[in-house]
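S.K.: Chain residues, written in single-letter form:
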Amino acid sequence: MTGYIVRRLLAFLPTLLLLVLAVVVFGRVTPTSAVDVILGQDKVSQANRAQLEARLGLDKPLPVTYVDYLGGLLKGDLGKSLYNAHPVTKLIDERIEVTLVLTAGGLLIGWSVGTLLGILAAINQNGVLDWGLRGFAIVGLTIPNFALGTAVVLLPAVYFHHPPPVTFVAFSKDPAGHLSQFILPCLVLGVGVTGAVTRIVRTQMLEVLRQDYIRTARAKGLTGPKVVVRHALRNGMIPVVVVLGLQIATVISGSVLIESIFGLPGMGTLAVSAINTKDWPIVQGITVVVGLWTMLVNLVVDISYGFIDPRIKVARGSSG
Amino acid sequence: MKVDQPVRGPMRRFGRRQALRGGVGVAAGTAGGFLLACSGSNNNKVANTATRAAPTTAGGTGTRASGSPGAAVASPTSASAEGTPKKGGTYIIDGGSASTEPPDPHTSLFRSNTYWSFIGDKLIEQDPQKIEPLRGALVESWETPDQATVILHPRQGVTWHEGKVTNGRAFNANDVAFNLQRIAGLLNPDRKAQFQRAATLTGLSKAEVVDDKTAKVTLSTPNAFFLNGISDWRNWAVPPELVQADPNFSNYTGLVGTGAFTFDTYDQLTGQATFKANPKYWRQGKPYFDAAQILAFTDTASNIAAFLGGKISISSGLGIVASQRKTILQQKTDTKQYVYPGISWYYLRFNQTVTPLGDQRVRQALFLAIDYKALNDGVIEPNYWNYTGPLPAGFPGTWTSDQVAQQPGWNPATKRQDMTNAKQMMTAAGFTNGKGVSLEIFTLPLTGSTGYTPIVQDQWSKAFPEARFTIREAKDNGEFATTLGKAGYQVVNYISSPPPSPILEASLHYHSGGSRNYTSWQDPTVDALIDKAYTQTDATARNQTVDQLEQKLRDLMWIIPMNQQKAVMLTLPNVRGVTTFNPGYGTNSNFDAAILCANFWFA
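Chains A and B, in that order, give the protein sequences. Per our numbering, the very first residue in the first sequence carries number 1; after that it's consecutive. Per our numbering, the very first residue in the second sequence carries number 1; after that it's consecutive.
These aren't lab readings, by the way, just hints derived from the structure by calculation. From the three backbone atoms N, C-alpha and C, an ideal C-beta is built for every residue, glycine too. Some hints could be false.
[What the hints assert, rightly or not] Computed footprint of chain B on chain A; a stretch qualifies when at least three of its residues, placed anywhere within it, have a C-beta under 8 Å from a C-beta of chain B:
#, stretch
1, 50 to 56
2, 84 to 94
3, 153 to 167
4, 257 to 266
5, 272 to 286
So here's chain B without its partners, still in its complex pose (with noise of 0.2 Å):
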């Protein structure tokens, strides 16, 4: 049976040491907006500069987003909507830092992922322009004979990169066999929980190989989600001969892959790099860039200014944080901005053991009584966030951001009704006006006084005057995270990066055995259904139980799900072909630039 459908397997969510560092970046980036703030006397005349100036890509289909002064929005482009594509120039981004974290993408926690970006690939990956069906990469094609076998065929006429350990050899089944196991922790079974997409490959037993152009994976558990998992966006493909020569990965210019480009330098000092294009890279005709370029930066101000300079050719980062993405549309008015679904989406979470937030009827009250449109319009800015269910919108089937949007709770049009049946539902919990209920709300360092945690608050507050709300906010990331795994919460405001399934999702925050179910909750109905979506390889009846599941969810609301924040990515004019991932399947960092910058050149 050939399968080219999604696949399953709990997993660990990523993006969230992003969040963790985006988080230390928006306070970084607060001393710069206070100095900006400065030059707003002349707002007006530059967004209507700005608006002159909006590009027109995609067929010209450059729109306007409201509530950003200056901010073009440009769609996606296809490479016909704006020329031939041309050879030649140094493709520059930001996002490299120095950290004495090694390289390794099966263990790196956050800072590995830009630089193998570059020179990378997967064994399967995603559709930019859809999260399913999945594509074949390295791994060209692949059958499911049975529930417990998957068998993968390496593309043919794929080589590592030349000139370093693998000197330009053929990726074969091995190499297929090798980068599962390893990436599963079954090679280092003495170090297993530093391996941190372990759980993307759930159910893994053995992966060998069967003859150069067939690797055969033995599954312990059914998991219609595993070619899924091998596609989430950190799974890169080592070769094994790089493990053995330098198991700590410390020589950054010694990393090899078959990806677009080829490790040229690297400073440690800094965490620059530089990269040449490979010119045997297995996608014919890409990249189009002679060369690309990693820049450091470890304070935002430097990084705009870098930006406004000319001197990085495009930023995801920076077009994140509603500050400095209007400082750049401002005062760069040529500045190209793409915006796109994202997959990231902010939640409060609740603890059943803290009285009473066992009790549903208190947990739908505290959901019906936060006014989403103003919480989000508030910290993001309108048009830069997309409304979510329980299960992450635009996902294969799960719920649209439209469809949410008309969903009582978030349907900005129903609010005052909402706020009515929030009371009566915290009176009939035996809690009138909130009284009796006393609440934390814990929430990543530096956000107790910014962003969602006090409008949530005061929103909460005000449906429910005689109750308390009060902030924590962690010291530091690791009590953020120590905090989190121990559930010593009651309320916890935070992000989740989910992995590339709704199911896969669902099962890491809902099911009971779930690796993000820190208070343990549990409904027979929700573990069921997510254990048959794993079962289900018809797509049709699979949407059918994800459907089921998100209604279940939204009944229990054992998560507040606040919404989806746009990905923004920032380029200068003269960048051409720029594509995003479409719903998004992308994360708040330059990832997205530097994983599709093979399809990219400059005018």
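Pulled out of the complex, with its shape left as it was, chain A reads as follows (with noise of 0.2 Å):
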């Protein structure tokens, strides 16, 4: 196990080196430039242009700043602001946890909830509750968390002018207030993942549960939640946890949506807010974190299958 963690992680190099030449690209080919922002419409002479790409580093030849930022990176320096010169590392720092919350808040409802009405509906095959289970999620799944998460806000304060929590407290200042106002945003979330996992939950049980073994545990006398639990959910997990993975990056970018939302300052509004001004180390360091996040809840996810599934593990030791 210990040789496929290192190769895997090793497996991130060309991918990260990849990822940083598409953002320090991305930043370049772009049209416009912080320049065009801090300068307005106005007309501008070119050696005042010159003068503030200069100082602002947009001079340098492209190869140089990939091999700057490269280099940056291997130091942990994800560069500076272009506008009040912070560090990026330092204003990602700052917002981190509220994505890290807001995600895995939506995650945990998502797969929890999930699972559970999977399960359900898997069991309840074609019964009311199954055709009502089937109905949420193709809802869940369909409705943008953008719309959800409008309505949310607004209908509360349109009809009873009581809004929920939509200015950031933070956790020094009121500690129940501040994880409170994590509950909405995370179930807004969550609905879209509780809708996928729902359904791939159920087709994965339907299909489990009508293997030999399970019937043979049947026979054997084993209670319905017993044979579910123990044999069924264990088996039929496996495409689950995969598509799990790959949710990661999809609920990331929908929190951008919802932290603006919610009032939320995490990392989607400092990407929006830099992508607005053009500030485009912060844009270049916020993808360079979500990729590196996504890569690693990817390997995590690849390593689980062994617990989940012990035969995975012997596969592997047996081809390396």
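Given two chains presented individually in distinct reference frames, assemble the corresponding complex, making use of the accompanying hints.
M.R.: See below:
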């Protein structure tokens, strides 16, 4: 297992190099830069423009920028904001907790509720509960989380003049208030995940529940819940876990809008602000962090296969 | 010679960034508007309730704004009309934002003004009820002994905030000279391009201290509008010690001004801030509030929700977009609405280097072919806009909105005749029914399918059926700005929020050297009239020049003025003492509410 993890970590390198190349190139090929934003649309002399580009370090050739960025990355330096020269790592560090809590909460809700609902739907196949849960799953999958979030914020305000928390409360000021402000956004973010997980778990469970060993277990006199939890669920979870790994990126992108709607100052709102002002070092930094994060989560997911299904571990061991 | 009249100086206009942001805001509000449309079934009931709940302010002169269900429009009030001001309370507005842009008021693009409007003052300011004459603020009086010299006298008894880098020291002549030089970029020649308001002080070659009570400004060229430039709403006074101690303006709570409030706390994650009343504020007895707070909303829906929930005392930004305004007025019927003349004007600007826009007949035909009432009523709503001529309506010497409305082209009563004339002009120019005309209208991001542009496209297409009109939407604000700067457009639809003088605005857009005259329109008469106005210290004579200029611009039609959007302030019912800028020397932001709030109090 250790060798496998090391090999996977090494495999990160080319991916990371490509990711950095992509973000650096992307920052250069976009038609406008922070210089355009700062100078506005007045007629400005080329000399003034060049002066500002040099001040912001935007005049360096692309290969130099790439190598500089990689060098900085090795030292944990993601560059500085073009506007206030604050280190990007510091800006991200200040906001990463919000995004982590939000995405983790959304995923946790989605995975746990979705798994439960998927099982319930499978063991009640074609029953009223199954139809109801499948309907819920479809709604959860199709309703955009920004629309749901907007509704959750607006409707109580419109009809009861009592909006949910929409301004950020720091943990240091009010720990309970800080944590409670994540409940609604996590629920909103979790709805889509719930829908997806419900459908996948149901499908997998239906397939597993038809297997001979399940019939054998039942023939041995095991109760329904024991059959489901001990025998069916574990074997049905592998494809589910694969999908869960892929959902990470989706949830993180979804959290950008949810952060905005609920006034949570996470990496998403920072990214949106930076995109508006063309503060590319911040955009690049966030992209790299999210990319690394996604790769790591997927590594964890891959490792977890072995715990869920020991046969996978054996197969890897024999092939390796 | 004592001078208490306006002044000049080609300068950057302000407010465009708000407009750029506003475009995004409109789009962001779409989701909220979509959802709220679901609650439209009880609109009539709510509207009736709102009528009963119309506030009676300013001696009970509250009026209804037609076309806006539930819109109770209050006139600006005087303190006496609402009783004696009371001390106390925390005043809360929206409008904060987390950004990496430092809050340096002299280089900031858009973000610092709301913060500075609580803690800062300007050297000279406009009277909120009329743009001119100017009135003293931190500079109490001034003289102009000759066209190249301005003498400024700092107000005595004004102190910087206590407990920070200035530690409550007296405001003096050095502060005046320092700020003028810094605003003009003279203290930072290596990055002068970043000093956004340098053009407001055109001609400034030197500002120096004569004695503690006197600063002397030397102009390299005559500028009768120099004092107006100083009064630009973004020209906040900062102490030299602050710039020295924190040149990057990285510490918000360390910001020091002379204003009604002192900076207390700042949340760098959200941009939210709190302020305490300045007990030594030089406008005695003010502010009435004990404290003030800026909340930050990155989403329109949550901003609306907070207002409906009574968590914001006042909002200017939410009142601008019709759908947001309607939602609030329908759902919170005791909301007070203050509608007042705005200064931002929307226009269509031609590029004369593109065939056939160099032909005056074609430009006039395109001008006459637009039904301005239908256009503006459709986009903004009736009663929330004014007509404007080539120079902002309501400014000293310019045509009033009513005067503009009576003129061919703008006058809805002559529209049929205008259309006939438009077709004849286009035919005379060699483009019968518009055949051979192919024009692209360039517009802000997210406005290509909503707002003015598609309506203009439709109206022109109907007037000239054989012409081809297309729309190009900028991909982002940066592309929009760059395209303008490089004159890479044929017709552009945009907005201008002018500096506090019609001639300052004229010099930006119409003078051959104007920084907004992207395609270098040139007309010797226009240049001469603008230059002449710069040297005219007599208001009557200057106003005559402005009138001549406006007539000339009306004939040339380099720019089609479409409207002036009114400013709208929404307040909770317990907010008293609300005054507005009239004629609207404000912006489409909470800047108005913040700067005026020293006069407000809670019932």
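S.K.: Work down the list of hints and note, for each, if the structure agrees.
M.R.: Here's how the hints hold up against the structure:
A stretch counts as covered by a chain when three or more of its residues have a beta carbon under 8 Å from one of that chain; for the stretch 50 to 56 of chain A and chain B the count is 3, and the coverage holds. Check result for the stretch 84 to 94 of chain A against chain B: holds, 5 residues qualifying (beta carbon to beta carbon below 8 Å, three or more required). Using a Cβ-Cβ cut-off of 8 Å, 13 residues of the stretch 153 to 167 of chain A lie near chain B, which meets the minimum of three, so the contact claim holds. Using a Cβ-Cβ cut-off of 8 Å, 6 residues of the stretch 257 to 266 of chain A lie near chain B, which meets the minimum of three, so the contact claim holds.
Interface restraint, the stretch 272 to 286 of chain A with chain B: holds (8 residues with C-beta to C-beta distance below 8 Å; minimum three).
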